[in-house]
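Protein chains in written order, with my numbering: chain X, 1494 to 1662; chain Z, 31 to 572.
There could be a bad hint or two in this list.
Unchecked claim - Residues from chain Z shown here face chain X by an in silico Cβ test under 8 Å; the list is partial: (1) SER115; (2) TRP200; (3) GLN208; (4) THR212; (5) ILE214; (6) VAL224; (7) GLY226; (8) VAL228; (9) PRO338; (10) GLY453; (11) ALA456; (12) MET499; (13) GLY503.
Said to hold, decoys possible - Derived SDA-like pairs (lysine to any residue); straight-line CA-CA distance at most 25 Å: (14) LYS1629/X - ARG467/Z; (15) LYS1564/X - PHE421/Z; (16) LYS428/Z - THR1559/X; (17) LYS504/Z - GLY1633/X; (18) LYS504/Z - ILE1557/X; (19) LYS1579/X - SER122/Z; (20) LYS1540/X - LEU223/Z; (21) LYS504/Z - ALA1589/X; (22) LYS428/Z - GLY1633/X; (23) LYS1554/X - THR332/Z; (24) LYS1554/X - TYR334/Z; (25) LYS1564/X - GLY205/Z; (26) LYS1540/X - ILE214/Z; (27) LYS1579/X - SER115/Z; (28) LYS1579/X - ILE113/Z; (29) LYS1564/X - TYR334/Z; (30) LYS278/Z - LEU304/Z; (31) LYS428/Z - VAL1561/X; (32) LYS504/Z - ARG1585/X; (33) LYS504/Z - ASN1587/X; (34) LYS1629/X - GLU359/Z; (35) LYS1629/X - THR508/Z; (36) LYS289/Z - LEU257/Z; (37) LYS1579/X - LEU223/Z; (38) LYS428/Z - ARG339/Z; (39) LYS289/Z - TYR166/Z; (40) LYS1540/X - ALA239/Z.
Because the hints were derived from the structure by calculation, they are not lab data.
Since the model is a prediction, treat every value here as computed from it, not as a measurement.
Ideal placement from N, C-alpha and C gives every residue a C-beta, glycine not left out.
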Amino acid sequence: MGITKKMLSTKLSRELFLTGIIVGYSAIAGVVVGIPIVGYFLTPLIKQSPRLWRDVGPVSKFSIGTTVEVKYSDPSALPWSGTTSKAGAWLRRNSANSFTAYSMYCTHLGCPVHWIQSADLFLCPCHGSAFYGDGKVAAGPAELPLVHLPVRVRNNRVEIQTKPIPVIG
Amino acid sequence: MSLLEPPTLAHSEHDAPPLQLPGPIGVVYRWLDDRLGIDAVIKPVLVHPVPRSTNWFNVLGSATLTAFIFQVITGVFLALTYIPSPNGAYQSLQWITNKAIFGHLLRGIHYWGGSAMILLIFAHTARVFLTGSYKYPRELNWLLGVGLLFCTILMGFTGQLLVWNQDSYWAIVVGAEQAARTPIIGSLVAQVLVAGQVVGGATLTHFFAIHVFIVPGLMFGLIGGHLYLVVYQGISEWPEPSSVVDPKTYKQKYHEILKDGIPFFPDAMAKDALFALFAGVVVIILAVVFGPAPLGHKADPTNYVTNPRPFWFLIWYFALLAEIPAGVENFVIIGFPLVIVLWMIALPFYANKGERAPSKRPWAVASVFIAVLATAALVYEGYQSPWAPVFDPQGNLKHVPAAVLQRLTGQARDGALVFEQRGCIACHSVDGVGGIRGPSLDGVLSRMPVWRFNIQVLVGGRGTSYQYMPAFGKILNTTEMDQLVAFFKALPKAEKQASVSHAALNPPVRVVSKVKNHHREYSVVVLPRHRLHAAYPKRPGH
Chain X
1494 MGITKKMLST
1504 KLSRELFLTG
1514 IIVGYSAIAG
1524 VVVGIPIVGY
1534 FLTPLIKQSP
1544 RLWRDVGPVS
1554 KFSIGTTVEV
1564 KYSDPSALPW
1574 SGTTSKAGAW
1584 LRRNSANSFT
1594 AYSMYCTHLG
1604 CPVHWIQSAD
1614 LFLCPCHGSA
1624 FYGDGKVAAG
1634 PAELPLVHLP
1644 VRVRNNRVEI
1654 QTKPIPVIG
Chain Z
31 MSLLEPPTLA
41 HSEHDAPPLQ
51 LPGPIGVVYR
61 WLDDRLGIDA
71 VIKPVLVHPV
81 PRSTNWFNVL
91 GSATLTAFIF
101 QVITGVFLAL
111 TYIPSPNGAY
121 QSLQWITNKA
131 IFGHLLRGIH
141 YWGGSAMILL
151 IFAHTARVFL
161 TGSYKYPREL
171 NWLLGVGLLF
181 CTILMGFTGQ
191 LLVWNQDSYW
201 AIVVGAEQAA
211 RTPIIGSLVA
221 QVLVAGQVVG
231 GATLTHFFAI
241 HVFIVPGLMF
251 GLIGGHLYLV
261 VYQGISEWPE
271 PSSVVDPKTY
281 KQKYHEILKD
291 GIPFFPDAMA
301 KDALFALFAG
311 VVVIILAVVF
321 GPAPLGHKAD
331 PTNYVTNPRP
341 FWFLIWYFAL
351 LAEIPAGVEN
361 FVIIGFPLVI
371 VLWMIALPFY
381 ANKGERAPSK
391 RPWAVASVFI
401 AVLATAALVY
411 EGYQSPWAPV
421 FDPQGNLKHV
431 PAAVLQRLTG
441 QARDGALVFE
451 QRGCIACHSV
461 DGVGGIRGPS
471 LDGVLSRMPV
481 WRFNIQVLVG
491 GRGTSYQYMP
501 AFGKILNTTE
511 MDQLVAFFKA
521 LPKAEKQASV
531 SHAALNPPVR
541 VVSKVKNHHR
551 EYSVVVLPRH
561 RLHAAYPKRP
571 GH
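Bound-form chain X, shown alone (with noise of 0.2 Å):
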């Protein structure tokens, strides 16, 4: 305070008043602006992608004990988003009324693990990360198993629940 009062009270206050008057104003429009754009910016992060059961066919299209790939539509996606508005998981069925769903991303970096039915398991191509039948780790780096998808069977028909990719949402 001591200090503001000496400099108001020598002969550079106008300058100092003036000085003020420049920082503050670009102060103030910096803020006005930048709520907006930082708003605008993190858009995507607000906005969390919803969670919905996609059909992914009748139940006797999945023979029991095998994993195949099933594919459907993200609910997040943007009306421009072409192929990459679709989304695939491996579905495994298990028994006459179980399935699971694995996520596609390998739990080491998010690589598409690659379902090799003869040799029962699941193989990644980056790095080599290998996962059992059930989705258990069978070879690093990967440290944690496979990520299941909610799955359920609804009027004969096999419905996944969609998920963002598991590490980021």
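We have chain X already, so just place chain Z on it with the hints.
Below, chain Z without anything else, positioned relative to chain X:
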């Protein structure tokens, strides 16, 4: 005197007299000079003295700038046609590459020019570090340069993403998954990176704006500051072992050096121009001969038949991520870039005086040498990807060579099919076909007894983590095991021993006793706990 001219550079002997051009050219020149201040400002900057000891190592920065200018020009023209939208990006690049006149060449120059810029800026950074040019009074210029270095890497990364092929898509996912490992705010950082929770429409436009507006704009500013400081503080003299930087005396010394200097234009700039020309010719030759990066397959998250790899300048990091032990993974992913950045920022502050000559700074030389060697080794590893399973281009398992299969009958032949269909071939080779993650299995049974082979296959694993082989005890039945053994017994012995140590192939297993029943001898063994865990994993519903 002009505003730009620093007091230390004001030497009247280098100020050429005003140009006296005859006739109408002179009239035009005087008209322009009156309005632009050519003689007063521009010329003194151009002809400012630089130390006589500047040499061919001083051309790397200007060559980086030249590459940047060419990237801007080719980039702007590519943007005339490119569509930054997931349903248009790939097609517009197909059109540019295959239909547009010289489009293939233009993309090629942009690709190789970007590659050149990355190499040049790293070479320039290494030169500045090795000659101690970041020391007093050039600390802030080092920081601006560090900013430019990271901007350039970011340009390379985002540039690869704009192709919007499978490599682009999965590079974003892998990048986001790394960002997500940041403590506490990881998920938020990842969401900012991909502009949402999935990679899609918003992601591409964000990366497009980053690649063509935000980062280049930032770079223009940083380059402006960098050049201003190069002129204001002057190019550092080539270090002699005797020249030690002392902030108290350095400026006076430098002033003396400049008295015997040479004008930047044209003397020093001639070297810059010649080297930039050489670099440009190399870029154009590469663009003509090799063309741009192949377009590959369109980005499609449902197409798992893919083998995602980053561009060459990030493949070393991709390799690093495969090879670091799981225990330190998070530290490396977050800590390694952080430590590098913090070290680069701190460097000119904790080491801004003292020796500049490389011959007096063995640690500086050694660290650059090790970094270059390590990067080269990791680039090689990245292209080899020995850790990755191999498939044919359709994403199916490879086949045992017909020549091998022909020689086999009965159980051995069935074993060959087990080897192939049960996925062994993805990681092991026979007769040169198959993966290289595990050792080649040519002559495996001449290297180890059958019981050890069985344990290795059924229990998998090796060492103390899940890093290695799956436990095929979950997958193969006893018949298949017998068939596999028959197959390897029937194979001819390997001519060359695999380059895997005996210890690695013979895991530490203690044989307690041998038991014989009517058709087979069993070894009773003691397995370390983690191997038992792998052999008998808990299975749901069993």
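Results for each hint:
1. SER115: holds (5 Å)
2. TRP200: Holds - the Cβ of TRP200/Z comes within 8 Å of chain X, reaching about 6 Å at its closest.
3. GLN208: holds (7 Å)
4. THR212: THR212/Z check fails; min Cβ-Cβ to chain X is 11 Å, beyond 8 Å.
5. ILE214: At 14 Å from the nearest chain X Cβ, ILE214/Z fails the 8 Å test, so the hint is violated.
6. VAL224: holds (6 Å)
7. GLY226: Where the cut-off is 8 Å and the nearest Cβ of chain X is about 4 Å from GLY226/Z, the hint holds.
8. VAL228: Interface hint status for VAL228/Z: holds (5 Å vs cutoff 8 Å).
9. PRO338: holds (6 Å)
10. GLY453: holds (3 Å)
11. ALA456: Status holds, d = 6 Å.
12. MET499: holds (6 Å)
13. GLY503: violated (11 Å)
14. LYS1629/X - ARG467/Z: Holds, at about 20 Å.
15. LYS1564/X - PHE421/Z: Cα-Cα ~22 Å, so holds.
16. LYS428/Z - THR1559/X: holds (21 Å)
17. LYS504/Z - GLY1633/X: holds (17 Å)
18. LYS504/Z - ILE1557/X: holds (18 Å)
19. LYS1579/X - SER122/Z: holds (21 Å)
20. LYS1540/X - LEU223/Z: At roughly 15 Å apart (the allowed maximum being 25 Å), LEU223/Z and LYS1540/X satisfy the hint.
21. LYS504/Z - ALA1589/X: Roughly 22 Å between the alpha carbons, so the hint for LYS504/Z and ALA1589/X holds.
22. LYS428/Z - GLY1633/X: holds (22 Å)
23. LYS1554/X - THR332/Z: holds (19 Å)
24. LYS1554/X - TYR334/Z: holds (21 Å)
25. LYS1564/X - GLY205/Z: holds (24 Å)
26. LYS1540/X - ILE214/Z: holds (20 Å)
27. LYS1579/X - SER115/Z: holds (15 Å)
28. LYS1579/X - ILE113/Z: Holds, at roughly 20 Å.
29. LYS1564/X - TYR334/Z: holds (11 Å)
30. LYS278/Z - LEU304/Z: violated (37 Å)
31. LYS428/Z - VAL1561/X: Holds: LYS428/Z and VAL1561/X sit about 20 Å apart, inside 25 Å.
32. LYS504/Z - ARG1585/X: Within the cut-off at roughly 17 Å; holds.
33. LYS504/Z - ASN1587/X: holds (16 Å)
34. LYS1629/X - GLU359/Z: holds (19 Å)
35. LYS1629/X - THR508/Z: Judged against 25 Å, a Cα distance of about 23 Å means the pair holds.
36. LYS289/Z - LEU257/Z: holds (22 Å)
37. LYS1579/X - LEU223/Z: holds (20 Å)
38. LYS428/Z - ARG339/Z: Roughly 20 Å between the alpha carbons, so the hint for LYS428/Z and ARG339/Z holds.
39. LYS289/Z - TYR166/Z: holds (20 Å)
40. LYS1540/X - ALA239/Z: Judged against 25 Å, a Cα distance of about 21 Å means the pair holds.
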